[in-house]
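Taken in order, these protein sequences are the chains called A and B.
This note's numbering puts the first sequence at residues 316 to 521.
This note's numbering puts the second sequence at residues 316 to 521.
Hints are computed from structural coordinates only; laboratory data are not their basis.
Hints may be right or wrong, so weigh each one.
All copies of an identical chain are treated as equivalent in the list; a pair is satisfied when it fits inside any one copy or across any two copies.
Claimed, not checked - Straight-line Cα separation of at most 25 Å, DSS-like style, residue types lysine-lysine; simulated pairs:
id	residue 1	residue 2
1	Lys332	Lys411
2	Lys343	Lys411
3	Lys433	Lys418
4	Lys412	Lys432
5	Lys458	Lys433
6	Lys442	Lys458
7	Lys331	Lys411
8	Lys433	Lys412
9	Lys332	Lys347
10	Lys331	Lys418
11	Lys432	Lys411
12	Lys359	Lys411
13	Lys432	Lys476
14	Lys415	Lys476
15	Lys418	Lys458
16	Lys359	Lys332
17	Lys476	Lys412
18	Lys418	Lys432
19	Lys442	Lys418
20	Lys458	Lys415
21	Lys331	Lys343
22	Lys332	Lys476
23	Lys432	Lys442
24	Lys432	Lys343
25	Lys359	Lys347
26	Lys418	Lys476
27	Lys332	Lys343
28	Lys347	Lys331
29	Lys411	Lys347
2 protein chains.
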Amino acid sequence: MLSAQTGSKVYVVIVKKLREMIAAENLKPGDKLPSERELSERLKVGRSSVREAFRALELLGLIETRRGEGTFIRDFKGHQLVQVLSTFILQDEKAKKDIKETKFLIELDCLWLIMQKKTDDELLAFKNWAEQTTFTDDEFFYKIILLADNHLFLRMWEILKDYYNSLDFPAEELQKHDYLHLIEELQTKEEMRIRGAYKKLRKLVE
Amino acid sequence: MLSAQTGSKVYVVIVKKLREMIAAENLKPGDKLPSERELSERLKVGRSSVREAFRALELLGLIETRRGEGTFIRDFKGHQLVQVLSTFILQDEKAKKDIKETKFLIELDCLWLIMQKKTDDELLAFKNWAEQTTFTDDEFFYKIILLADNHLFLRMWEILKDYYNSLDFPAEELQKHDYLHLIEELQTKEEMRIRGAYKKLRKLVE
DNA sequence: TTAAGATCATTGGTCAGACCACTACGCTGT
DNA sequence: ACAGCGTAGTGGTCTGACCAATGATCTTAA
Numbered sequence: 316m317l318s319a320q321t322g323s324k325v326y327v328v329i330v331k332k333l334r335e336m337i338a339a340e341n342l343k344p345g346d347k348l349p350s351e352r353e354l355s356e357r358l359k360v361g362r363s364s365v366r367e368a369f370r371a372l373e374l375l376g377l378i379e380t381r382r383g384e385g386t387f388i389r390d391f392k393g394h395q396l397v398q399v400l401s402t403f404i405l406q407d408e409k410a411k412k413d414i415k416e417t418k419f420l421i422e423l424d425c426l427w428l429i430m431q432k433k434t435d436d437e438l439l440a441f442k443n444w445a446e447q448t449t450f451t452d453d454e455f456f457y458k459i460i461l462l463a464d465n466h467l468f469l470r471m472w473e474i475l476k477d478y479y480n481s482l483d484f485p486a487e488e489l490q491k492h493d494y495l496h497l498i499e500e501l502q503t504k505e506e507m508r509i510r511g512a513y514k515k516l517r518k519l520v521e
Numbered sequence: 316m317l318s319a320q321t322g323s324k325v326y327v328v329i330v331k332k333l334r335e336m337i338a339a340e341n342l343k344p345g346d347k348l349p350s351e352r353e354l355s356e357r358l359k360v361g362r363s364s365v366r367e368a369f370r371a372l373e374l375l376g377l378i379e380t381r382r383g384e385g386t387f388i389r390d391f392k393g394h395q396l397v398q399v400l401s402t403f404i405l406q407d408e409k410a411k412k413d414i415k416e417t418k419f420l421i422e423l424d425c426l427w428l429i430m431q432k433k434t435d436d437e438l439l440a441f442k443n444w445a446e447q448t449t450f451t452d453d454e455f456f457y458k459i460i461l462l463a464d465n466h467l468f469l470r471m472w473e474i475l476k477d478y479y480n481s482l483d484f485p486a487e488e489l490q491k492h493d494y495l496h497l498i499e500e501l502q503t504k505e506e507m508r509i510r511g512a513y514k515k516l517r518k519l520v521e
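Make the full structure from the sequences, and use the hints.
Shown next as structure tokens:
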């Protein structure tokens, strides 16, 4: 039996197998996964166990199932994940704090990254865009993180953003003007002391 | 039928019901949920559907099941969540550069965090430990990130570390002494200009 | 010939029932 | 009073059955 090898629950093993399979065959979003019955047969497990694995991954928004068609890898989106989590997390203050902290630091990291990666002209273009456009903080940072050109940070941030917005933090958010000012400052200073500016930002929010 | 009301899949409806139940009865981590069979009966659904809902919530780390005992609400921790997400997200991402960059920035973030969170005594204790102990870079940062007390960063870093080590980057890693020096510097400076030191670190690796 | 309709295999969605393994709890006999 | 055992309850898994939706194939009529 599958569980006998590892002691893990079967559905967890199946999740792992799927991950390996996806990696091995280099499957991308939109690609089709084997049917439940086929997987059940190939892995020598019950179809119900396969379904448990699929349902878990589906709730995470990692796969998508279409009746009569099959199961497909999905281009990850927060989805219902956030609602579900927020309900369960609500009382965990530490988790909320971690989320806020992590989101904040990633944002600053990306801010720093674009300072490193982009040319002055590109930064200027962004600055002009930011000054002439109306946007929310989320939109602002989405742009930032896109420019930072780090896919991992982008994905992480999207998740964290959804978490963050589903929680009821006090309205202590920074305004876009503060960030713009930060950019200007960073842009003009020879030494990229973003953490100094960071500390300044901290003062604004605290 | 349950799904007829919303058109949603049964297991999603069950997840929703559970959320309502938890909210209504003010259940907290550690509390026991109804058994699979009881839920199956109360909600007029098959036990397998209840299990699909439970498995999904379990993969999210929101509940915990103990054979022979029951299903319990869990004190939420990132756990497998970040792990599973990261794996699926990384699969379509080939950029070794992103992995390296992200890992590096998270490490620096955590370094910065302990500067903020910990007392001088605690930092001194860590510094002494670091000077008197032999450790690898990974062990060093594991300690750092533990001290940073941010569970999300911890999980992310663990994944990134595994990926990083599985890739064949040139041996351009920083040595522990550099980091220790950094800590000393940070500790003594009034202004926490970690990014300045960060830049210095970048020079070391580039 | 072609387009509309019917048919059928495939696939996911759900349920019911059967075992197994493990745990807690109460009963029993000493 | 206590140690031991057995039973009920619970999760873990598998099997088989049926329903519902989809898509490809075949059939038929214009």
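Now for the hints, and whether the structure bears them out:
no.: 1; hint: Lys332 x Lys411; result: between (32 Å within a copy, 23 Å between copies)
no.: 2; hint: Lys343 x Lys411; result: between (32 Å within a copy, 16 Å between copies)
no.: 3; hint: Lys433 x Lys418; result: both (22 Å within a copy, 21 Å between copies)
no.: 4; hint: Lys412 x Lys432; result: between (30 Å within a copy, 13 Å between copies)
no.: 5; hint: Lys458 x Lys433; result: within (13 Å within a copy, 33 Å between copies)
no.: 6; hint: Lys442 x Lys458; result: within (11 Å within a copy, 39 Å between copies)
no.: 7; hint: Lys331 x Lys411; result: between (28 Å within a copy, 21 Å between copies)
no.: 8; hint: Lys433 x Lys412; result: between (31 Å within a copy, 16 Å between copies)
no.: 9; hint: Lys332 x Lys347; result: within (15 Å within a copy, 31 Å between copies)
no.: 10; hint: Lys331 x Lys418; result: between (28 Å within a copy, 23 Å between copies)
no.: 11; hint: Lys432 x Lys411; result: between (31 Å within a copy, 17 Å between copies)
no.: 12; hint: Lys359 x Lys411; result: neither (41 Å within a copy, 35 Å between copies)
no.: 13; hint: Lys432 x Lys476; result: both (24 Å within a copy, 23 Å between copies)
no.: 14; hint: Lys415 x Lys476; result: both (9 Å within a copy, 23 Å between copies)
no.: 15; hint: Lys418 x Lys458; result: both (15 Å within a copy, 21 Å between copies)
no.: 16; hint: Lys359 x Lys332; result: within (12 Å within a copy, 33 Å between copies)
no.: 17; hint: Lys476 x Lys412; result: both (13 Å within a copy, 24 Å between copies)
no.: 18; hint: Lys418 x Lys432; result: both (21 Å within a copy, 17 Å between copies)
no.: 19; hint: Lys442 x Lys418; result: within (22 Å within a copy, 28 Å between copies)
no.: 20; hint: Lys458 x Lys415; result: both (19 Å within a copy, 22 Å between copies)
no.: 21; hint: Lys331 x Lys343; result: within (17 Å within a copy, 30 Å between copies)
no.: 22; hint: Lys332 x Lys476; result: between (30 Å within a copy, 21 Å between copies)
no.: 23; hint: Lys432 x Lys442; result: within (15 Å within a copy, 33 Å between copies)
no.: 24; hint: Lys432 x Lys343; result: neither (28 Å within a copy, 41 Å between copies)
no.: 25; hint: Lys359 x Lys347; result: within (20 Å within a copy, 33 Å between copies)
no.: 26; hint: Lys418 x Lys476; result: both (7 Å within a copy, 20 Å between copies)
no.: 27; hint: Lys332 x Lys343; result: within (16 Å within a copy, 33 Å between copies)
no.: 28; hint: Lys347 x Lys331; result: within (17 Å within a copy, 28 Å between copies)
no.: 29; hint: Lys411 x Lys347; result: between (36 Å within a copy, 23 Å between copies)
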